[in-house]
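**Student:** Listed here are the chains, written in short residue letters.
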Amino acid sequence: MKAAVLRFPGSNCDQDAHLALRESGVDVDYVWHKDTSLGGADLIVVPGGFSYGDYLRCGAIARFSPIMPAVKDAAKGGALVLGICNGFQILCEAGLLPGALIRNRDLHFICEHVRVRVENYETPWTNAAVTGSVLRIPIAHGEGSYTADDATLRDLNRNRQILLRYVDARGAVSPEANPNGSLENIAGICNAARNVFGLMPHPERACDPRLGSADGRIIFQSVLTHLGVRAAA
Amino acid sequence: MKAKVIVMPKQSILDPQGVAVRDAVQHHGLPAVKAVRVGKMIEMELDGAFSEDQLHEICRDLLSNPVIEDYQLIVE
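In order, the protein sequences belong to chains A and B.
Each residue of the first sequence is one higher than the last, beginning at 0 in numbering that gives the first Met the number 0.
Each residue of the second sequence is one higher than the last, beginning at 0 in numbering that gives the first Met the number 0.
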């Protein structure tokens, strides 16, 4: 399998995503935002950071980068597209995922480990987990409060597109466990076809126990399993 | 010619910035201010041919996000 990690001016989690994939044994390349081809990648990662300085709105300008038509085509063709943090914001702005991410409820930039519960394991992104299992993954964002209109929220629930929710130490969804005011504690969603996934937590920063958690590997392991690749030991 | 675009968070969307500003205004001795919403204004200078439709298109596609914001276009 081949993976592509996009780079926008202001991306700053591209190297972490590249490393996490490389250490999983994936053939991975960077793709500059001014390129127009993804080189046939099976997995496209839109990494975290502050693309275009977050000017106007987070992800609003990146969405019009020359590479984005290729990302849309690839998504339409069934390739896996993963948006992490700013990448999630970009995918929402691009219309590849429904809803939007707005300023955190308490206006603070939050950088801490949180717990997220896997809500649906029957996806390319979560098949290595068990529904109900709780992952410890860091978040680092100022605009991560997920919002959508009622109809969108109903569809997300009905189609089981909500893949991760913020939970407390007991694994329960509670207002206290919601770091940023996201609707229904939503931390990550996928599209109806399941091949586009966006999440605010950073799984690529949680792939080594020395950094506090290796739970992020479960996301990458799921992708490898889905694509029929055996992960490097 | 100038075009002004006022972008505001939709009524249905929580505006935590507006709430914080309202609290500060009240704290500054103006309890009569009951609600504040914070948006932005974008000013564009125009020279050459354009249509109002094109301006609306750019307002919808780039300058605002219709999921969370409403805009108002004023061409002067």
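Quick caveat, the hints were computed from the structure, so don't treat them as lab data.
Don't take every hint at face value.
[To be verified] To give an idea of the interface, some chain A residues facing chain B are shown, with a C-beta separation under 7 Å as derived from the structure:
hint	residue
1	Ala99
2	Ile101
3	Arg102
4	Arg104
5	Leu106
6	Arg209
Even glycine gets a Cβ: it sits at the ideal position worked out from N, Cα and C.
**Student:** Look at each hint and say if it fits the structure.
**Tutor:** Hints, one by one, checked against the model:
1. Ala99: 4 Å, holds
2. Ile101: 6 Å, holds
3. Arg102: Where the cut-off is 7 Å and the nearest Cβ of chain B is about 5 Å from Arg102/A, the hint holds.
4. Arg104: Holds. Min distance 5 Å.
5. Leu106: 5 Å, holds
6. Arg209: It is violated, given that the least Cβ distance between Arg209/A and chain B is near 35 Å, above 7 Å.
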